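Asker: So the chains spell out like this:
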Amino acid sequence: MADGERGGTRAPSPPAIELRGISKSFGPVQANKGISLTVAKGTIHGIIGENGAGKSTLMSILYGFYKADAGEIRIGGRKTDIHDSQAAIRAGIGMVFQHFKLVENFSVLENVVLGAEEGALLRPSLAKARKLLTELAREYELNVDPDAKIEDLGVGMQQRVEILKALYRQAEILILDEPTGVLTPAEADHLFRILCGLRDEGKTIILITHKLREIMDVTDTVSVMRRGQMTATVKTAHTSPPELAELMVGRKVLLRVEKAPAKLGPTVLKVDNLRVTDGKGVERLKGVSLEVRAGEILGVAGVAGNGQSELLEVLGGIRPGSGSVTLNGQPLALSGPRSDGRARRMAGITHVPEDRHRLGLILDFTAWENTAFGYHFVPEYCHGGMMDNQALREDTEGKMRRFDVRPTDCWLHAKSFSGGNQQKIVLAREIERDPDLLLVGQPTRGVDIGAIEFIHQRLVQLRDAGKAILLVSVELDEIFSLSDRIAVMFDGRIMGERLPHETSETELGMLMAGIDGKAA
Amino acid sequence: MDFATLVQVLDSTLRLATPLLFACLAGLFSEKSGILDIGLEGKMLAAAFFAAATAAVTGSAWIGLAAGCAASLVLAALHGLASITFRGNQLISGVAINFLAAGITVLMGQNWFGLGGRTPQLEGAARFQNIELPFAQALSPVPVIGPLYSQVLSGHTILVYLGLLAVPATWYLLFRTRFGLRLRAVGENPAAVDTAGVSVTGLRYGGVAICGLLCGLSGAYLSTGLAAGFVKDMSAGRGFIALAALIFAKWRPWYALGACLLFGLLEALGNRFQSIQVLGVTVPTQFMQALPYILTVVILAGFVGKAIPPRAGGEPYVKER
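Chains as they are written, first to last, in our numbering: chain D, 1 to 520; chain F, 1001 to 1321.
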């Protein structure tokens, strides 16, 4: 596998990281199989692969979370035993996790020094850290108020704190796991500038991502993982997104969705001045108005947390709201007993929730039981209060075949399926109910490329069958490739609507940050 | 209420607040590390019994204190084992410790001393003696300040003063030292501590051990300072009152002192005024003595505003990818 590597400049210094024959199994599952990887010092090295390809396991081994069953790790040319995080830090490795490991009610300064204090008393450590943070801020555009509480900072700032933590520990190697998932395009650009600055200082950066565009934009070298193995390592300049996608999946993949122009029908959903206040009294939706017509996909773009989740939840009947919503001209109740999920389903709205683990599935239940949720009362499955489990199981098998869920075994627990197959189970349940309106949130979050292609095709088929779809996604690529119209949400409002062929990522990015270029 | 009565009530407030204060600070250390502890009561009770029993046999209150702390530490270690190492349910472990202590103290007491679960009456060096602070005699004629100093502040056992000193010590340890920063962090987000290369398990055991030690002091004070021997169930729910005080204090050491003094005051009032006339109606003794417990219920029902506990409290830490 190491022979997949191509020449490039022969640096005189030893590689920053060298992994030789790393293997790791969890029970019968082999997560890493004989992985070898060489990362040159002072480069940005991308690692891509589908979910479950073993990227996270490999990085966890490198950061001392797991012990490899076999193989050796060399840092800076020396064989290093990394048995815990402390050892990884000593070896100069810093990690920025996808979910930040920060203490929310501590200040930035306290988070930075935690675990790397100078002595038993805090005061000298804090003073030293404050001085160092000022220097780092000047050097790398990493400005953060050292006395701010983490919980008062936005995600972009919190991520900087994570990077500062690593630099404070004098990390020479920085690993970032899916760093841009929660950032606006502008914040992501800033992050990449910081990373390039760090690389130019001689630091080595490993970027784990599933976004091909990021790989192409910032990495020097890219390694592809598939099913626990390192399938290729190539110079970024010598490759292309289609080639990388093929290496990841093992077959040719359509990155663009093929779709015919929309044949618009009458208005299905009409939302007028919709408001939602959450349990803490914070207004999450501040008067949202929109329309979705039959045969159309309306994509709602925006950075996570700007009201998209609340929009889906209130339309899906999970959360009360106020304002006016009509479906095919009939008003929908927004609070009270007639506003629940069952009433919505009876009215013809089905919902693929954003977080399938929390709202879409019960992971400890079987696939056929999961297929019944929300529809357990329909006559096909239920006669006089008794469930017809046999019919339900046969029906589930059919759904699983039609949606290519693998393995096709309705007795498996939902947690045993991969993310993509779990999502297909939810989609099968909601789409095959033949809804007038499908609400779908983050349909491809945590889903591998192969399944993304399938899910996108299914959504387009549903639209072509004359149904209305309201799509919420934080992935701009997804919004662009699926939507017939794009609405951008910011701070509980619709900032603007655009047509995909008349707008650009830059313009949407501005809208997502609350700046209306046209109005300005 | 005249001045002399007030002085007496305040004096007894300080006495009665001390076991609560130790237990409350004990709970503070445990909960700050993310381990809920409703077993404060059981640890106090066990410590009270072993302190009194050892003091009765050896004739030394100090050896008794050491035995009490040791007993409490053993129970704390048990709680740690169940909830940190084996990631069990912390509430159930705490309840088990309470039952264990309630049963074992009486059983062993009866077996050793044959007094129906009591220990023999402690006298002389087997009890902690009251200490007269310097200048207490000289200052006592000074109006107001004199009696407050010589009668309220002076004349308690060493453990009362230790309890008062434990408050600033706790504050300093938690907010000015490396250990404190890490302990507070592990109760908020253990993953942050783990990825920073610090042992979550070690820190939590540390918090639980300090909790055990402080519960030991609390229990020993009950049976060898406040009273002169162990009586069945003598902790009388103080461990739970200390937990209420901890919530009331919103997990802050100085507020904990205030909360414990308030509970001590209510208990002192209940003891001093067995029956009082309010607006011509006689308030029954039972009501007066129930005051601390009533306040506990009021506090736990959330009448004191929002208290935010350490966020990772009650959850065993499982390393995730």
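Think of the hints as simulated: they come from the structure by calculation, not from any bench. Bear in mind the structure is a predicted one, so any value in this text is a computation, not a measurement. For every residue, glycine included, the Cβ atom is placed at its ideal position computed from N, Cα and C. Check each hint, because a few of them may be wrong.
Beyond 10 Å from chain F on every Cβ pair, some chain D residues (computed) [what the hints assert, rightly or not]:
{"no.": "1", "residue": "P15"}
{"no.": "2", "residue": "D84"}
{"no.": "3", "residue": "A87"}
{"no.": "4", "residue": "V113"}
{"no.": "5", "residue": "S125"}
{"no.": "6", "residue": "T180"}
{"no.": "7", "residue": "K286"}
{"no.": "8", "residue": "G398"}
{"no.": "9", "residue": "S416"}
{"no.": "10", "residue": "E497"}
Covered stretches of chain D (in silico footprint by chain F; criterion: 3 or more residues with CB under 8 Å from a CB of chain F, positions within the stretch not fixed) [claimed, not checked]:
{"no.": "11", "region": "114–124"}
{"no.": "12", "region": "435–448"}
Asker: For each hint, tell me whether it holds in the structure or not.
Answerer: Results of checking the hints against the structure:
1. P15: The claim stands: P15/D keeps its Cβ more than 10 Å from every Cβ of chain F (closest is about 24 Å).
2. D84: Label violated. Min Cβ-Cβ 7 Å, cutoff 10 Å.
3. A87: The assertion about A87/D is violated, with a minimum of 8 Å to chain F.
4. V113: Incorrect as stated: the minimum Cβ-Cβ distance to chain F is 7 Å, not above 10 Å.
5. S125: The claim breaks: S125/D does not keep its Cβ more than 10 Å from every Cβ of chain F (closest is about 7 Å).
6. T180: Given that every Cβ of chain F is farther than 10 Å from that of T180/D, nearest at about 19 Å, it holds.
7. K286: holds (26 Å)
8. G398: holds (35 Å)
9. S416: holds (17 Å)
10. E497: holds (40 Å)
11. 114–124: With 9 residues in contact (Cβ-Cβ under 8 Å with chain F), the coverage given for the region 114–124 of chain D holds.
12. 435–448: violated (count 0)
Of the numbered hints stated above, those contradicted by the structure are hints 2, 3, 4, 5, 12, listed in ascending order.
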